[in-house]
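For reference, the chains in residue letters:
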Amino acid sequence: DAEITQSPRHKITETGRQVTLACHQTWNHNNMFWYRQDLGHGLRLIHYSYGVQDTNKGEVSDGYSVSRSNTEDLPLTLESAASSQTSVYFCARGGPIRDTQYFGPGTRLTVL
Amino acid sequence: AQRVTQPEKLLSVFKGAPVELKCNYSYSGSPELFWYVQYSRQRLQLLLRHISRESIKGFTADLNKGETSFHLKKPFAQEEDSAMYYCALLGDSGTYKYIFGTGTRLKVLA
Numbered sequence: 217d218a219e220i221t222q223s224p225r226h227k228i229t230e231t232g233r234q235v236t237l238a239c240h241q242t243w244n245h246n247n248m249f250w251y252r253q254d255l256g257h258g259l260r261l262i263h264y265s266y267g268v269q270d271t272n273k274g275e276v277s278d279g280y281s282v283s284r285s286n287t288e289d290l291p292l293t294l295e296s297a298a299s300s301q302t303s304v305y306f307c308a309r310g311g312p313i314r315d316t317q318y319f320g321p322g323t324r325l326t327v328l
Numbered sequence: 437a438q439r440v441t442q443p444e445k446l447l448s449v450f451k452g453a454p455v456e457l458k459c460n461y462s463y464s465g466s467p468e469l470f471w472y473v474q475y476s477r478q479r480l481q482l483l484l485r486h487i488s489r490e491s492i493k494g495f496t497a498d499l500n501k502g503e504t505s506f507h508l509k510k511p512f513a514q515e516e517d518s519a520m521y522y523c524a525l526l527g528d529s530g531t532y533k534y535i536f537g538t539g540t541r542l543k544v545l546a
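Top to bottom, those sequences are chains A and B.
Residue numbers for the first sequence follow the numbering used here, so the first one is 217 and each next one is one higher.
Residue numbers for the second sequence follow the numbering used here, so the first one is 437 and each next one is one higher.
Check each hint, because a few of them may be wrong.
As the list claims (entries may be wrong) - Going by beta-carbon spacing under 10 Å, a handful of chain B positions derived as facing chain A: (1) Glu-468; (2) Arg-485; (3) Phe-512; (4) Ile-535.
Unchecked claim - Below, in silico cross-link-like pairs of lysine to any residue (SDA-like), each with a Cα-Cα straight-line distance of 25 Å or less: (5) A:Lys-273 to B:Leu-482; (6) A:Lys-273 to B:Ser-462; (7) B:Lys-533 to A:Leu-255; (8) B:Lys-493 to A:Ser-300; (9) B:Lys-533 to A:Val-304; (10) B:Lys-493 to A:Glu-219; (11) B:Lys-533 to A:Gly-267; (12) B:Lys-533 to A:Glu-230; (13) B:Lys-445 to A:Arg-324; (14) B:Lys-493 to A:Ile-313; (15) B:Lys-533 to A:Thr-229; (16) B:Lys-533 to B:Leu-499; (17) B:Lys-533 to A:Tyr-266; (18) B:Lys-533 to A:Gln-269; (19) B:Lys-533 to A:Glu-275; (20) B:Lys-445 to A:Thr-302; (21) A:Lys-227 to B:Glu-516; (22) B:Lys-533 to A:Gly-232; (23) B:Lys-501 to A:Ser-281; (24) B:Lys-533 to A:Ser-281; (25) A:Lys-273 to B:Ala-437; (26) A:Lys-273 to B:Pro-467; (27) B:Lys-533 to A:Thr-231; (28) A:Lys-273 to B:Thr-531; (29) B:Lys-493 to A:Asp-315; (30) B:Lys-543 to A:Arg-324; (31) B:Lys-501 to B:Val-544; (32) A:Lys-273 to B:Thr-441; (33) B:Lys-458 to A:His-257; (34) A:Lys-227 to B:Arg-479.
Stated by the list, open to error - Label pairs and their in silico Cβ distance ranges: (35) A:Glu-219 to B:Glu-490: 22 to 28 Å; (36) A:Thr-326 to B:Glu-516: 29 to 35 Å; (37) B:Phe-512 to A:Glu-219: 30 to 36 Å; (38) B:Ile-492 to A:Lys-273: 20 to 26 Å.
Hints were generated in silico from the structure; no laboratory data involved.
Built from N, CA and C at the ideal position, the CB exists for glycine as well.
Required output: the full structure, derived from the provided sequences and hints.
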């Protein structure tokens, strides 16, 4: 199965700390995405990548960064965690069907 | 502006009743629209695409360009349909980016 995994699945951290959420895919798809899911806002795009060394800002990129050093991984870093970044984070890759996306299981992040 | 609106946060229906989850969009070009579903404690997954014009798990959705709508329908709801449903619009051609609606939670009551 062409999996996409996220780790950790749950994380509690303190305000001001740097946090990195991992996203790994075994499909080797060029397109990868990070979203946050919040009640009343749905899913909002944070960052995305179309391939190695390519990264782009999404709708809500402030306070987040990504890097793409290989095809399989797109880690999301919160430089200095804030309580407003408490959310569920989903990573996605391009799907097997054109223009679809295949999502990871999500990471629930709590910033205290 | 590109936008997707799902006006209902929560929709409760009884088992066997018809279901319609509303989705309206704003897009200047020719839209590509999708429905994604998230069952409890599971990842988001594709339900259907307008371009395929198929029925998945009894659900259908027709693109109405005049009304700029892509409502999701099912004639007889089942308890296992209870989930969070998101309507998504593919952004500018070639970007592969989605614009999601805020989602509708469907509860099917026994």
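Task: A:Lys-273 paired with B:Ser-462 [C-alpha distance capped at 25 Å] - done: Holds, at about 22 Å.
Task: Hinted contact B:Phe-512 with chain A - closest CB pair below 10 Å - done: 27 Å, violated
Open item on the list: Checking one constraint from the list: CA of B:Lys-533 to CA of A:Thr-229, max 25 Å. Satisfied?
Closed with: 30 Å, violated
Open item on the list: Hinted pair, alpha-carbon criterion (25 Å max): B:Lys-533, A:Thr-231. Please report holds or violated.
Closed with: 30 Å, violated
Task: A:Thr-326 versus B:Glu-516 beta-carbon gap, inside 29 to 35 Å or not - done: 30 Å, holds
Task: B:Lys-533 paired with A:Gln-269 [C-alpha distance capped at 25 Å] - done: 18 Å, holds
Task: Satisfaction of the B:Arg-485 interface hint, Cβ to chain A closer than 10 Å - done: 7 Å, holds
Open item on the list: For B:Lys-533 and B:Leu-499, compute the direct alpha-carbon distance and say whether it is at most 25 Å.
Closed with: Within the cut-off at roughly 19 Å; holds.
Open item on the list: Checking one constraint from the list: CA of B:Lys-445 to CA of A:Thr-302, max 25 Å. Satisfied?
Closed with: Given pair B:Lys-445, A:Thr-302 holds - Cα atoms ~21 Å apart, limit 25 Å.
TODO: Please work out if B:Lys-533 and A:Glu-275 have their alpha carbons no farther apart than 25 Å.
DONE: Distance ~11 Å between B:Lys-533 and A:Glu-275 Cα, so the pair holds.
Open item on the list: Run the distance test for B:Lys-445 versus A:Arg-324: straight-line Cα separation, threshold 25 Å.
Closed with: 21 Å, holds
Task: Pair hint B:Lys-533 and A:Tyr-266, alpha-carbon separation not exceeding 25 Å - done: 11 Å, holds
Consistency with the previously given hints fails for numbers 3, 8, 12, 15, 21, 22, 23, 27, 31, 38, ordered from lowest to highest.
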